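Next come the chains, spelled out residue by residue.
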Amino acid sequence: MRDLRPANVIDLRNTQDSGAGADLFPLTVEDLTYQAGGTVLIKGIDLTLGAGGVTVIMGPNGAGKSLLLRLLHGLLEPSGGWIAWGGQPLDDAIRRRQAMVFQRAVMLRRSVAANIDFVLRLRGRADPARRREILEHAGLADRAEQPARLLSGGEQQRLALARALATEPDVLFMDEPTSNLDPASTLVIEDITKAARDRGTKIVFITHDMGQARRLADDVVFMHRGKVLEHSPAAAFFNQPASAEAGDYMAGKIIL
Amino acid sequence: MQDFGEAFFTAFSLLFSFDADLMEVIGLSLRVSLTALLVAGLIGLSIGALLAVTRFPGRGVALVVVNSMMGLPPVVVGLIIYMLLSNAGPLGFLGLLYTPTAMIIAQAVLILPIIAALSRQVIEDLHNEYADQFRSFCVPTGRMMAELLWDARYSLLTVMLAGLGRAMAEVGAVIIVGGNINHLTRVMTTTIALETSKGDLALALGLGVVLLTIALTINAAVMGLNATAKRQAYA
Ligand SMILES: Nc1ncnc2c1ncn2[C@@H]1O[C@H](COP(=O)(O)OP(=O)(O)OP(=O)(O)O)[C@@H](O)[C@H]1O
Ligand SMILES: [Mg+2]
Numbered sequence: 001m002r003d004l005r006p007a008n009v010i011d012l013r014n015t016q017d018s019g020a021g022a023d024l025f026p027l028t029v030e031d032l033t034y035q036a037g038g039t040v041l042i043k044g045i046d047l048t049l050g051a052g053g054v055t056v057i058m059g060p061n062g063a064g065k066s067l068l069l070r071l072l073h074g075l076l077e078p079s080g081g082w083i084a085w086g087g088q089p090l091d092d093a094i095r096r097r098q099a100m101v102f103q104r105a106v107m108l109r110r111s112v113a114a115n116i117d118f119v120l121r122l123r124g125r126a127d128p129a130r131r132r133e134i135l136e137h138a139g140l141a142d143r144a145e146q147p148a149r150l151l152s153g154g155e156q157q158r159l160a161l162a163r164a165l166a167t168e169p170d171v172l173f174m175d176e177p178t179s180n181l182d183p184a185s186t187l188v189i190e191d192i193t194k195a196a197r198d199r200g201t202k203i204v205f206i207t208h209d210m211g212q213a214r215r216l217a218d219d220v221v222f223m224h225r226g227k228v229l230e231h232s233p234a235a236a237f238f239n240q241p242a243s244a245e246a247g248d249y250m251a252g253k254i255i256l
Numbered sequence: 001m002q003d004f005g006e007a008f009f010t011a012f013s014l015l016f017s018f019d020a021d022l023m024e025v026i027g028l029s030l031r032v033s034l035t036a037l038l039v040a041g042l043i044g045l046s047i048g049a050l051l052a053v054t055r056f057p058g059r060g061v062a063l064v065v066v067n068s069m070m071g072l073p074p075v076v077v078g079l080i081i082y083m084l085l086s087n088a089g090p091l092g093f094l095g096l097l098y099t100p101t102a103m104i105i106a107q108a109v110l111i112l113p114i115i116a117a118l119s120r121q122v123i124e125d126l127h128n129e130y131a132d133q134f135r136s137f138c139v140p141t142g143r144m145m146a147e148l149l150w151d152a153r154y155s156l157l158t159v160m161l162a163g164l165g166r167a168m169a170e171v172g173a174v175i176i177v178g179g180n181i182n183h184l185t186r187v188m189t190t191t192i193a194l195e196t197s198k199g200d201l202a203l204a205l206g207l208g209v210v211l212l213t214i215a216l217t218i219n220a221a222v223m224g225l226n227a228t229a230k231r232q233a234y235a
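Sequences listed follow chains Z and G, in order. So the first sequence is numbered by our numbering: it starts at 1 and just counts up by one. So the second sequence is numbered by our numbering: it starts at 1 and just counts up by one.
Since the hints were made in silico from the structure, they are not lab data. Please read all numbers here as calculations on a predicted model, not as lab measurements. Some clues are possibly wrong.
Capping the alpha-carbon separation at 20 Å, the derived lysine to any residue pairs in SDA-like fashion look like this [what the hints assert, rightly or not]:
1) G:K230 - Z:R143
2) G:K230 - Z:S152
3) Z:K227 - Z:T33
4) G:K230 - Z:R149
5) G:K230 - Z:G153
6) G:K230 - Z:A114
7) Z:K227 - Z:G80
8) Z:K194 - Z:A235
9) G:K230 - Z:Q146
10) G:K230 - Z:L150
11) Z:K253 - Z:S243
12) G:K230 - Z:E145
Given the sequences, and given the hints that come with them, work out the whole structure.
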């Protein structure tokens with residue numbers, strides 16, 4: 001049994017223990033494995049994440065980034081190992097304090113406003129004033145009555161982010177939320193994400209976009225072939241990655 | 001046999017004079033089939049939604065059963081309901097045989113599997129798209145079913161109209177359990193069958209025209225719904 005104490009946790013809280021989600025941290029992952037179709041896809045991951053800030057997960061296609069995020073959020077059941085949020089195993093009470101934005105936004109077949117109302121009602125406080133505030137924050141106030149599925153890709157992703165944030169999550173997972181967006185829409189998503197981070201929400205963000213990673217990351221997790229090769233503070237990672245694979249990946253070399 | 005043209009003429013004059021007997025038959029037809037649709041819709045959509053979002057042992061068997069029951073022959077349904085409702089049957093004490101209620105039961109049983117099977121498919125397709133997002137939000141199962149039913153509303157209305165079409169058009173089940181009793185259990189299809197065999201083609205034809213009109217209206221409604229749904233990207 002490894003020592004579970006968060007000895008070398010990178011803790012990025014600006015204000016100590018004031019964050020509402022502080023009790024969920026550290027997130028400790030121990031020897032996490034996941035297999036499907038007879039293949040081991042996540043191969044014994046150990047990872048510790050501290051409260052607050054933005055953790056960026058990077059790595060080549062098929063490295064297992066999305067799988068790891070789904071495992072952390074409880075969308076997938078691990079085949080082995082441990083995930084503990086502040087020492088607690090993942091349960092629905094903890095999952096309700098998390099939210100996720102997917103690579104392709106899932107829009108309910110309703111108006112923009114109704115997409116927000118759906119989560120407000122789900123968390124027990126449907127409130128038109130609050131909805132308006134949320135839509136304004138996402139720059140979608142003038143689209144409230146429009147069918148959500150007729151929004152542009154960028155607007156859909158903004159709505160998906162606003163809807164996720166409407167649950168006031170302590171942890172927000174984002175799986176390549178801007179991979180299909182233009183630079184302007186990407187920056188809007190990043191700004192909303194940073195605002196959420198500043199309010200104390202822990203962000204775990206997957207991206208292939210090096211510029212975006214540099215803009216957002218407080219710490220970087222680099223994955224390759226179902227393993228975490230390194231977890232470093234952002235400055236150190238971008239300056240001099242510890243693993244050769246991460247260096248090659250950032251230099252644009254093909255790594256196998 | 002009456003002259004073909006004459007039959008048409010009489011048919012339309014019956015229709016446009018709102019002949020009392022004709023209106024009674026049309027009224028009962030609508031009442032029976034719409035009530036059957038309501039009953040089968042409530043149960044069928046619930047079963048469809050449940051089968052779509054839950055996983056349990058024996059689900060595969062349940063799907064096969066529901067799907068194959070879509071093709072139940074109306075006369076067989078009629079026969080089974082007849083046996084249940086007849087004096088000697090287990091539900092004979094209710095005294096429902098040869099009443100409109102018996103016909104409602106028969107039509108509801110006939111279209112229940114259609115509504116359940118088709119709605120299951122519609123809701124499951126939608127659920128596949130929503131599942132991760134719903135799981136991410138921790139939406140409870142009952143709530144999930146309700147939200148899916150709402151978001152699939154256009155497709156489900158189409159399913160309901162398919163059920164209504166089938167109920168309105170069938171003759172085998174209602175003639176067995178209703179008995180085609182004048183002023184009591186006579187609906188459009190059973191009247192057409194009876195009048196045709198009696199040689200009174202005018203009345204039969206008049207009813208045929210009404211049935212066709214209803215079928216066309218239902219189809220137009222389905223197309224209109226689909227167009228609306230597409231326009232709003234809700235399809
Ligand atoms: N259900 C599954 N069955 C079999 N293989 C799977 C399954 N889900 C994912 N995989 C495989 O697991 C590997 C990791 O997938 P994952 O989606 O986590 O990659 P990723 O790091 O997110 O890649 P990308 O950058 O392309 O999004 C891939 O090779 C994928 O094909
Ligand atoms: Mg991925």
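Verification of the hints:
no.: 1; hint: G:K230 - Z:R143; in the structure: holds, 19 Å
no.: 2; hint: G:K230 - Z:S152; in the structure: holds, 16 Å
no.: 3; hint: Z:K227 - Z:T33; in the structure: holds, 9 Å
no.: 4; hint: G:K230 - Z:R149; in the structure: holds, 11 Å
no.: 5; hint: G:K230 - Z:G153; in the structure: holds, 18 Å
no.: 6; hint: G:K230 - Z:A114; in the structure: holds, 18 Å
no.: 7; hint: Z:K227 - Z:G80; in the structure: holds, 14 Å
no.: 8; hint: Z:K194 - Z:A235; in the structure: holds, 18 Å
no.: 9; hint: G:K230 - Z:Q146; in the structure: holds, 14 Å
no.: 10; hint: G:K230 - Z:L150; in the structure: holds, 10 Å
no.: 11; hint: Z:K253 - Z:S243; in the structure: holds, 14 Å
no.: 12; hint: G:K230 - Z:E145; in the structure: holds, 17 Å
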